[in-house]
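Participant: So the chains spell out like this:
There are 2 protein chains.
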Amino acid sequence: MDHGMTEQLNVQQMAEKLLAADNVLILCHKNPDGDTIGCGSALYYALSALDKTAAVLCSDTIPGRYAFTNPRLYKGEFEPEIVVAVDVASVQLFGENNGMPQFSRHVDLCIDHHAGNSGYAEYTLLDGHAAAAAELLYDVICAMGVDLTAHMANCLYTGLSTDTGCFKFSSTTARTHIIAAKLMEAGARVEELNTLLFDTKPRERMEAERIARNHLEYHLDGRCALIYLTRDEIEQSKVDPADLEELTGLPISIEGVKVGLTLRQQPGGSYRISVRTAKGVDACEIAKRLGGGGHTRAAGCELLGNLDNTKSAILAEVEAVLDAPQEGA
Amino acid sequence: MDHGMTEQLNVQQMAEKLLAADNVLILCHKNPDGDTIGCGSALYYALSALDKTAAVLCSDTIPGRYAFTNPRLYKGEFEPEIVVAVDVASVQLFGENNGMPQFSRHVDLCIDHHAGNSGYAEYTLLDGHAAAAAELLYDVICAMGVDLTAHMANCLYTGLSTDTGCFKFSSTTARTHIIAAKLMEAGARVEELNTLLFDTKPRERMEAERIARNHLEYHLDGRCALIYLTRDEIEQSKVDPADLEELTGLPISIEGVKVGLTLRQQPGGSYRISVRTAKGVDACEIAKRLGGGGHTRAAGCELLGNLDNTKSAILAEVEAVLDAPQEGA
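So the protein lines, in turn, are chains G and S. For the record, in the first sequence the residue sitting at position 16 is 16 according to UniProt numbering, with numbers rising by one throughout. For the record, in the second sequence the residue sitting at position 13 is 13 according to UniProt numbering, with numbers rising by one throughout.
It should be emphasised that the hints constitute simulated quantities derived from the structure, not laboratory data. Keep in mind that a hint or two might mislead.
[Stated by the list, open to error] Now the stretches of chain G that chain S is said to cover, found in silico as 3 or more residues with beta-carbon under 8 Å:
1. 191 to 203
2. 210 to 224
3. 253 to 262
[What the hints assert, rightly or not] Cβ-Cβ distance ranges computed for the label pairs, FRET-style:
4. S/CYS142 <-> G/SER170: 21 to 29 Å
5. G/GLY293 <-> S/GLU245: 34 to 42 Å
6. S/GLU217 <-> G/PRO267: 25 to 33 Å
7. S/GLY268 <-> G/GLY293: 51 to 59 Å
8. G/LYS75 <-> S/GLY291: 55 to 63 Å
9. S/LEU220 <-> G/PRO267: 31 to 39 Å
Positions of the beta carbon are idealized from the N, C-alpha and C atoms, including for glycine.
Work out the full structure, taking the sequences as your base and the hints as a guide.
Facilitator: In structure tokens form, the structure reads like this:
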């Protein structure tokens, strides 16, 4: 993996770089998730505890469910000595909606867990085996000698739990659980956080899911399950399209299903197809046949066409891949 | 809490009692869940590793999703020197379907995490703060000097994760996470286990959920959400009624909902009502007003009547409790 011209740091070195600066600007990625916001906030409070000036900058508004992390948001009130990015794999992910693109042009430090990190920062702490950037930041905060407060623990737990589907995804390691234990010992209120992060869904999301479930279809002798939402249905339900991501896990969760398909009609009329597969079936191979791509178990593509011919096209490729001689995918 | 005439043991003492016996019968509770089966199987393999004769006895068939735990099932082929119950809070929970009721009449040892354990066994290792009996059994197996195999770790992880909703429920502690880490280090295959235990649902379960979601109703200015399934619907969907338990978490997961109600018509025609509440609302108080009971956040009752008057009756009590002056429940 090419990591550009960046110099790799270990935890201690990263802590020292941060300790050396008095004014720190923290950058999160666009469409912020629990890991980037949780890390941004935890680092903000850790630096503040060291009497440093710090603030967080993100291209997009922080979603309501992460509002409790409550970092100071950067409004240009100080000149950063150091710019540090958390959970941002490449410069494209900074986004362009904050009106301050200058800061993402030269990033001093990066703390990240994406194996494909492009190496855009001058110094990078990277561990592609960490389930969340919050795992790495936990180490950095400890190495800076900061006493972890309950609030910092809440922020880091948010990163850890959202990036692992509450310890369910395959990225979860023994270390993830050990850090979760440390965060609970530091006072993280995990009951409330889990309710907020995993068990609170808007009515609109429920309505969209109801419609999608009514469209559930089985194909190829039950080896493939498919749900879909047309543009009209998405709009009538008033669901935030970001809230539909999670639905893509639904068809593959059915017993006996090897390929789960979720079709969502886009504003322009095309269908975005999310492909999820059981172990041994390559989702990326299916998506690539229609010009898409992705990972082994989760991939996607987008097709112009109406619902019927979109379904036919993707089902034909699913069948071809399912019926191909296996090479131990 | 009255724990009967039992003598409480610590982990080391429990390990010694088990080490002293050569023929051990392990009892699980009826309607077996992941914790009782996971513990029964882990203990069976641990005792076998010590060259002891052991087997598991349960009133009911082991559900398919736990079949991989694969313990030796007791068929009367040896005379147990010691009978040990795992995750069984009272004698009523042994059940009566195995044709060997004599063994639950005198239980030597009990390893359990239910605070209300009735103390039926001669010696008990009880920790009401443990999230699962598997937490305690992990300690006991280590204290017996057994090297934890990957299979034992899989069995214990099954207990830990199913009893905590994969580390989401409020019973989860720092210790739960620490033990999960140890089990992963011992080789537990958590990716496959999580898929099997949490992300694989029978088609019939999907169909029943589809119907229930189509019945979703909001009441009391959105503070109460209700779903229901009539007997006909349950039967037509062919769902295993045990698979419907999980649905009771659905209405309370909607934003703004303080009381979530799930009504399931029973074979006799009555409606079983599951009450789930947000923090600060006492589910048990609602259920008690209609002759039911339960816990602060999860309770239930059963009403004779048709769907309409059942709904009216429960909604009236929900309203009374929601509108009562709060005493910081």
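Participant: All the hints need checking, so say for each whether the structure fits it.
Facilitator: Against the structure, the hints come out as follows:
1. For a cut-off of 8 Å, the count of residues in the segment 191 to 203 of chain G with a CB near a CB of chain S stands at 10, and the three-residue condition holds.
2. With 6 residues having a Cβ less than 8 Å from any Cβ of chain S, the segment 210 to 224 of chain G passes the three-residue criterion, so the hint holds.
3. Against chain S, the segment 253 to 262 of chain G contributes 4 residues with a C-beta closer than 8 Å to a partner C-beta. That satisfies the three-residue criterion, and the hint holds.
4. Roughly 27 Å separates the CB atoms of S/CYS142 and G/SER170, a value that falls within the hinted 21 to 29 Å.
5. Restraint check, G/GLY293 to S/GLU245: a C-beta distance of roughly 39 Å satisfies the suggested window 34 to 42 Å.
6. For the hinted restraint 25 to 33 Å between S/GLU217 and G/PRO267, the CB-CB distance of approximately 32 Å keeps it satisfied.
7. For S/GLY268 and G/GLY293, the hinted distance range of 51 to 59 Å is satisfied, since their beta carbons lie about 55 Å from each other.
8. Distance hint check: the CB atoms of G/LYS75 and S/GLY291 are about 59 Å apart, consistent with the given range 55 to 63 Å.
9. Between S/LEU220 and G/PRO267 the Cβ separation comes to about 36 Å, which falls inside the hinted range of 31 to 39 Å.
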